[in-house]
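Asks: Based on the provided sequences and hints, a complete structural model is requested.
Residue numbers (the numbering used here), protein chains in the order written: chain C, 21 to 396; chain Z, 21 to 396.
Hints in this document: simulated from the structure, not taken from any laboratory. Careful, some of the hints might be misleading.
Put simply, identical chains are the same to the list, so a pair is met inside one copy or across any two.
Unchecked claim - Calculated cross-link-like contacts (lysine-lysine; reagent style DSS-like; alpha-carbon spacing at most 30 Å):
1. K28 x K316
2. K346 x K104
3. K383 x K98
4. K198 x K316
5. K28 x K220
6. K59 x K227
7. K177 x K220
8. K132 x K332
9. K316 x K98
10. K316 x K59
11. K177 x K332
12. K27 x K383
13. K98 x K59
14. K198 x K332
15. K27 x K220
16. K98 x K346
17. K104 x K220
18. K316 x K104
19. K132 x K316
20. K346 x K132
21. K314 x K98
22. K27 x K98
23. K132 x K314
24. K314 x K59
25. K198 x K383
26. K314 x K220
27. K332 x K59
Keep in mind the model is a prediction, meaning the values are calculated, not measured.
Protein chains: 2
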Amino acid sequence: MKFVLEKKDVSARAGIIHTDNGFITTPAFMPVGTQGTVKAIAQRTVQEIGAEIILSNTYHLYLRPGTDLLYQAGGLHKFMSWHKPILTDSGGYQVFSLSDLRKIEEEGVRFKSHLDGSVHNFTPEKVIEIQRIIGSDIMMVLDECAPYPCTLDYATKSNSLSMRWAERCLNNFNSTEKLYSHSQAIFGIVQGSVFPEIRKQSALTLKEMNFDGYGIGGLAVGEPAEIMYDMIEVTNQILPENKPRYLMGVGTPENILEAIDRGVDMFDCVLPTRNGRNAQLFTRNGTLNITNLKFKNDFTPVDSACECYTCKNFTRSYIRHLFNVKEVLGLELATIHNLYYYQWLVHNARTSIMDGNFTEWKKKQLLQLNGIDEQM
Amino acid sequence: MKFVLEKKDVSARAGIIHTDNGFITTPAFMPVGTQGTVKAIAQRTVQEIGAEIILSNTYHLYLRPGTDLLYQAGGLHKFMSWHKPILTDSGGYQVFSLSDLRKIEEEGVRFKSHLDGSVHNFTPEKVIEIQRIIGSDIMMVLDECAPYPCTLDYATKSNSLSMRWAERCLNNFNSTEKLYSHSQAIFGIVQGSVFPEIRKQSALTLKEMNFDGYGIGGLAVGEPAEIMYDMIEVTNQILPENKPRYLMGVGTPENILEAIDRGVDMFDCVLPTRNGRNAQLFTRNGTLNITNLKFKNDFTPVDSACECYTCKNFTRSYIRHLFNVKEVLGLELATIHNLYYYQWLVHNARTSIMDGNFTEWKKKQLLQLNGIDEQM
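Replies: Dropping the structure here:
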C-alpha cells in the first residue's frame with residue numbers, strides 16, 4: 021500500500037491510496053458490508069455508485085461464514101466477488117458492542133457470540149490471522165474502544181492496553197505472510213477517549229511503530245460533536261502527514277465535512293445504509309423521511325440535483341409507496357441514493373481541495389444542509 | 021395491440037405482440053410485479069433479464085397506492101418507471117383468494133380488504149375503469165375462478181356468470197377511452213373448471229365476442245397436471261389462431277413446456293420470484309434449495325450454463341451464506357437467476373419453434389429437468 025498526498029488546502033487533504041486491488045482517492049467514504057455484502061445492493065451497484073473501497077467486519081465474518089470457508093473460497097474478495105479494495109476492522113468494536121459477555125485481559129478478549137452464545141477469544145495475534153484469511157487490503161489492529169464517558173484513569177489504562185495490543189498486532193503482521201496474491205497493509209488505532217493528552221500520547225506511540233495508516237477510534241460514541249472535532253485536531257497534529265488517517269464509524273454529512281477540514285482522509289459509517297433502510301434519505305438540503313404523508317403525491321426525485329439511479333428514475337411518491345407496502349426495492353433504492361450522496365460528498369470535497377476552495381465549498385454545504393426547513 | 025403468428029411447429033406457436041409500449045415475443049413469460057414492483061429487483065434488472073412485459077395486480081394496486089395516486093402519477097408505467105408493456109389481471113382472483121369476506125352477485129363481487137377490513141365492490145365495469153387508470157397495455161376481464169374441485173352445476177353457473185361479466189367488461193371497454201397516450205387491449209378469460217364441454221362453450225362464447233386475446237383461467241388450482249393439459253388442448257382447439265392465448269398463473273418449467281406444446285403463448289407465475297425468495301433456485305437440471313448444507317463449500321455457480329448476473333459472478337456457497345445470514349442481496353440474486361432461467365426457457369422454446377424442432381428440444385429439457393439426482 022502506498023499513500024500519495026496530492027494537495028493540502030489549509031488542513032484538508034486530497035490524496036490517493038494505491039493497493040494491489042486498485043486505488044482509492046481520498047477523502048474516501050467506505051460503504052459498510054458487514055457480512056460480506058453491502059446491505060440491500062449488489063456488488064455492481066456498489067461500484068456504480070462510485071465506492072472505491074468497502075469495509076467489512078471481522079467479528080461477523082469470523083462467526084459467519086467463518087474462516088475455514090473464507091480460506092477455501094480464496095479470501096473475501098473472491099467469496100463476495102468484489103474486486104476492489106476491502107478494509108476490515110479488527111472485530112474489537114463488535115465484541116464490545118454486540119457480544120453478551122466479554123472479559124478483557126492482557127492476553128486479549130473473551131466473548132460470547134451474539135448468535136449462539138458460544139465462547140471465543142480474540143487476541144491481537146488472532147485478529148491478524150483472521151484478517152490474513154479474509155485477505156483485506158487494509159487490516160486494523162485490535163483495540164479497546166473506551167466507553168463514553170469514562171474516567172481519566174480508565175482511559176489511560178485502556179489506551180495503554182490498546183498500545184500493547186497494537187504492537188503485538190504489528191509484530192504478528194510483520195512475521196506472517198499474505199495468503200493470496202495481493203499485499204495487505206495494517207493501520208494502528210488512536211484511542212484516548214476525550215482526553216487530549218492521552219490522544220497525543222496514543223498518536224505518538226503509534227507513529228513511532230510506523231503503521232501504514234492510522235485509525236482514529238473511540239469517537240462518535242456519545243460525546244458532543246465539538247469534543248470529537250477537538251480530539252481529531254489534537255490527533256492529526258501528531259500523526260504523520262504521509263500516512264492516511266481514518267476516522268472510524270463517522271458519521272453525518274456535517275461530521276464528515278468537519279473532519280475533512282481537520283485533515284481526515286477516510287470514513288466509514290452505517291448511517292447511509294442503515295438509515296436508508298429505515299426510510300431516511302440524505303439530500304444536499306438535509307434528511308427526509310420518505311414515509312411522511314407529505315410525499316404521497318410528490319412526483320419529484322428525492323434530490324433533483326442527484327444523478328443516482330434512484331433519482332434519475334423514481335419519484336418520492338413511488339419510493340414512499342414501496343416503503344409503505346414493505347417492498348424490498350424500497351431498501352435498494354434508498355441505499356443506492358444515500359450511498360451515492362455520501363460518495364458525492366467526499367468526491368466533491370476532494371475536488372474543492374484540489375481547487376483550493378474547500379473552506380468556501382464546505383461552508384456552502386453546511387448552510388444548505390441546515391436550510392432544510394426553507395427548501396423542502 | 022396486434023398479434024402476428026410467425027410460425028407453428030405442430031401446435032406450438034411463435035409470435036409477436038405489438039403494443040404502443042413495445043413488442044413482446046411469444047412464447048412469453050411475464051414476471052409478476054404485484055404492487056408495482058417485481059419483488060426484490062429493480063426495473064432495470066427486470067429489463068436486463070430479458071422480460072418484455074410484466075404483470076401487475078389490479079386488486080393490490082387498487083388498495084395501495086390506490087387509483088387516485090396512480091391517475092395523478094400518469095398511470096402505472098410512469099409511477100413505477102417501467103416503460104415496456106404491462107398486463108393487469110382484473111383483481112377477481114385476489115378477491116377470491118385473499119380477501120376476508122366476499123359475496124358474489126350478478127352485479128359483481130363485494131369483498132373486505134385483506135389489509136384493513138374495509139368493504140369494496142368490484143363490478144365488471146369498475147375493474148375496467150381501474151385498469152384504464154392503471155393504464156395497462158393488456159387488461160383482463162372480471163371472472164370467477166371456480167374452486168377445485170367443484171360440481172358440474174357450479175362450474176356451469178359460474179362460467180355463465182363469468183361470460184356475462186366478460187360481455188359487460190367488453191362493453192365498458194368499447195365505450196370508454198384510454199386515459200394516456202398509449203392504447204390498451206382487453207383479453208377475455210376462459211373458465212369451465214375441469215369440464216371439457218363447459219371449457220368449449222366458454223371459449224366459443226368469448227371467441228364470438230372478439231377479444232384482443234384470451235386468458236385460460238381456473239387452472240393450476242389443485243387439479244392434476246394431466247387434466248390441466250387436457251383443458252388447455254380443449255380450449256385451444258376453439259380459440260382463434262390469430263389471437264394470443266395466455267395461461268394464467270402457470271407454472272413450473274415443465275408446465276410451461278407442456279402448455280407451449282399445446283399452443284399457449286403467454287404465462288405468468290410467482291414461482292420464480294416467490295420460491296427464489298425462499299431459497300429455491302431453478303436450473304436446467306431441476307430445482308435446488310440453496311440453504312442445503314451440501315452447498316456450503318460449493319464454489320460453482322447455481323447453474324454453470326447460465327449467463328445471468330448471479331451465475332456469472334457468485335457461487336452457491338456465497339448465495340447460501342447470504343440466505344443463512346438473512347441478507348437482502350440473497351433475495352435479489354435468487355430472483356435474478358430464477359427469472360433469467362424462466363426467460364431463457366421461453367426464449368429457447370421460441371427459437372426451437374422457429375427452427376421447427378420444438379418437440380425434440382422440449383423432450384431434451386424434460387429429461388434434463390427430471391435427471392436432477394444423477395446430475396447435481
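Asks: Against this structure, judge whether each hint is valid.
Replies: Now the hints, each set against the structure:
no. : hint        : result
1   : K28 x K316  : neither (45 Å within a copy, 49 Å between copies)
2   : K346 x K104 : between (32 Å within a copy, 24 Å between copies)
3   : K383 x K98  : neither (42 Å within a copy, 38 Å between copies)
4   : K198 x K316 : between (53 Å within a copy, 25 Å between copies)
5   : K28 x K220  : within (22 Å within a copy, 81 Å between copies)
6   : K59 x K227  : neither (35 Å within a copy, 51 Å between copies)
7   : K177 x K220 : within (15 Å within a copy, 87 Å between copies)
8   : K132 x K332 : neither (46 Å within a copy, 38 Å between copies)
9   : K316 x K98  : between (42 Å within a copy, 15 Å between copies)
10  : K316 x K59  : both (26 Å within a copy, 21 Å between copies)
11  : K177 x K332 : neither (52 Å within a copy, 51 Å between copies)
12  : K27 x K383  : within (20 Å within a copy, 67 Å between copies)
13  : K98 x K59   : both (18 Å within a copy, 28 Å between copies)
14  : K198 x K332 : between (42 Å within a copy, 27 Å between copies)
15  : K27 x K220  : within (25 Å within a copy, 80 Å between copies)
16  : K98 x K346  : between (32 Å within a copy, 20 Å between copies)
17  : K104 x K220 : neither (33 Å within a copy, 61 Å between copies)
18  : K316 x K104 : between (39 Å within a copy, 25 Å between copies)
19  : K132 x K316 : between (45 Å within a copy, 24 Å between copies)
20  : K346 x K132 : between (33 Å within a copy, 21 Å between copies)
21  : K314 x K98  : between (44 Å within a copy, 20 Å between copies)
22  : K27 x K98   : neither (34 Å within a copy, 46 Å between copies)
23  : K132 x K314 : between (45 Å within a copy, 28 Å between copies)
24  : K314 x K59  : both (28 Å within a copy, 25 Å between copies)
25  : K198 x K383 : neither (44 Å within a copy, 51 Å between copies)
26  : K314 x K220 : neither (49 Å within a copy, 52 Å between copies)
27  : K332 x K59  : both (21 Å within a copy, 20 Å between copies)
The structure is inconsistent with the numbered hints 1, 3, 6, 8, 11, 17, 22, 25, 26, although it conforms to all the rest.
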